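Peer 1: All chains should be modelled from the sequences, with the hints used to inform the complete structure.
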Amino acid sequence: EAGVTQFPSHSVIEKGQTVTLRCDPISGHDNLYWYRRVMGKEIKFLLHFVKESKQDESGMPNNRFLAERTGGTYSTLKVQPAELEDSGVYFCASSPLVGPSGANVLTFGAGSRLTVL
Amino acid sequence: KQEVTQIPAALSVPEGENLVLNCSFTDSAIYNLQWFRQDPGKGLTSLLLIQSSQREQTSGRLNASLDKSSGRSTLYIAASQPGDSATYLCAVLTGANNLFFGTGTRLTVIP
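Protein chains in written order, with the working numbering: chain A, 254 to 370; chain B, 57 to 167.
Keep in mind that the hints were calculated from the coordinates and are not lab data. Keep in mind that this is a model prediction, so the values were computed, not measured. Treat the hints with caution; some may be incorrect.
[Said to hold, decoys possible] Computed spacing ranges between beta-carbons, pair by pair:
#1 A:329 with B:66: 31 to 39 Å
#2 A:324 with B:102: 22 to 30 Å
#3 A:256 with B:57: 28 to 36 Å
[What the hints assert, rightly or not] With a straight-line Cα cutoff of 30 Å, these simulated DSSO-like cross-link-like pairs (lysine-lysine) come out:
#4 B:124 with A:331
#5 A:304 with A:331
#6 A:294 with B:98
#7 B:57 with B:98
#8 B:124 with A:268
#9 B:98 with A:304
#10 A:307 with B:57
Even glycine gets a Cβ: it sits at the ideal position worked out from N, Cα and C.
Peer 2: Encoded structure:
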């Protein structure tokens with residue numbers, strides 16, 4: 254079974270440019286999450302999709318970040334325009350839909366490292 | 057607001073030693089707690105998941121405990137090996153279906 258795939262693995266851009274990160278979840282996983290780790294800090298939640306709908310985007314830092322999941326399959330996270338503080342590792346995770354008593358076990362991708370100069 | 061703390065931030069031990077990693081969280085209203093391992097350039101690998109109703113889980117040389125009322129968890133690694141060197145992350149799942157992570161403990165096992 255293929256895992257969660259993220260692309261690119263590393264992106265270096267200049268301040269003010271645009272970057273789009275992509276996540277391909279495990280096939281059949283309706284839940285898709287984006288997390289971010291900035292230097293020296295803990296991994297933090299950005300947003301959660303259930304199929305193509307945004308279930309929770311309370312962690313999105315500001316309106317320079319736009320996440321989409323058209324068709325409920327892969328997702329993209331666009332940063333436009335990028336700022337220095339956006340540098341970090343962006344993780345994607347997916348999980349199947351579970352019932353109220355089930356365990357929600359997320360499978361994480363390898364992450365996309367973003368460096369903004 | 058849930059906060060997760062991991063102590064120590066870094067740990068070096070000689071091969072063969074047993075060791076304990078600590079995790080504490082401020083809000084006991086959690087669904088489960090997970091321990092992850094992260095290797096450089098790799099994703100997060102789930103090691104153990106403890107449901108809020110459970111007290112511990114074991115997998116091979118790993119044993120994780122959970123004391124939900126006191127907001128604490130430990131990860132015990134027996135007979136450490138150089139291949140155990142990695143960053144270990146603790147995360148709790150809240151009612152909002154979000155994972156709150158600690159900053160991790162970087163473990164180095166010296167051959």
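Peer 1: Give a verdict on every hint.
Peer 2: We went through each hint and held it up to the structure:
1. Taken as a hint, the range 31 to 39 Å holds for the pair residue 329 of chain A and residue 66 of chain B, whose Cβ atoms sit roughly 35 Å apart.
2. The hinted window of 22 to 30 Å between residue 324 of chain A and residue 102 of chain B holds, with their beta carbons roughly 27 Å apart.
3. Checked against the hint of 28 to 36 Å, the C-beta distance between residue 256 of chain A and residue 57 of chain B comes to roughly 31 Å, which is consistent with it.
4. For a cut-off of 30 Å, the pair hint linking residue 124 of chain B to residue 331 of chain A is broken: about 38 Å separates their Cα positions.
5. The suggested pairing of residue 304 of chain A with residue 331 of chain A holds, with an alpha-carbon distance near 18 Å, which does not exceed 30 Å.
6. With a C-alpha separation of about 18 Å, the suggested pairing of residue 294 of chain A with residue 98 of chain B holds against the 30 Å cut-off.
7. For the hint linking residue 57 of chain B to residue 98 of chain B, the alpha-carbon distance of about 29 Å falls within 30 Å, and the restraint holds.
8. With a C-alpha separation of about 44 Å, the suggested pair residue 124 of chain B and residue 268 of chain A falls outside the 30 Å cut-off, and the hint is violated.
9. Between the alpha carbons of residue 98 of chain B and residue 304 of chain A the distance comes to roughly 26 Å, so the proposed pair stays at or under 30 Å and holds.
10. A distance of roughly 22 Å separates the Cα atoms of residue 307 of chain A and residue 57 of chain B; the hinted pair therefore holds under the 30 Å criterion.
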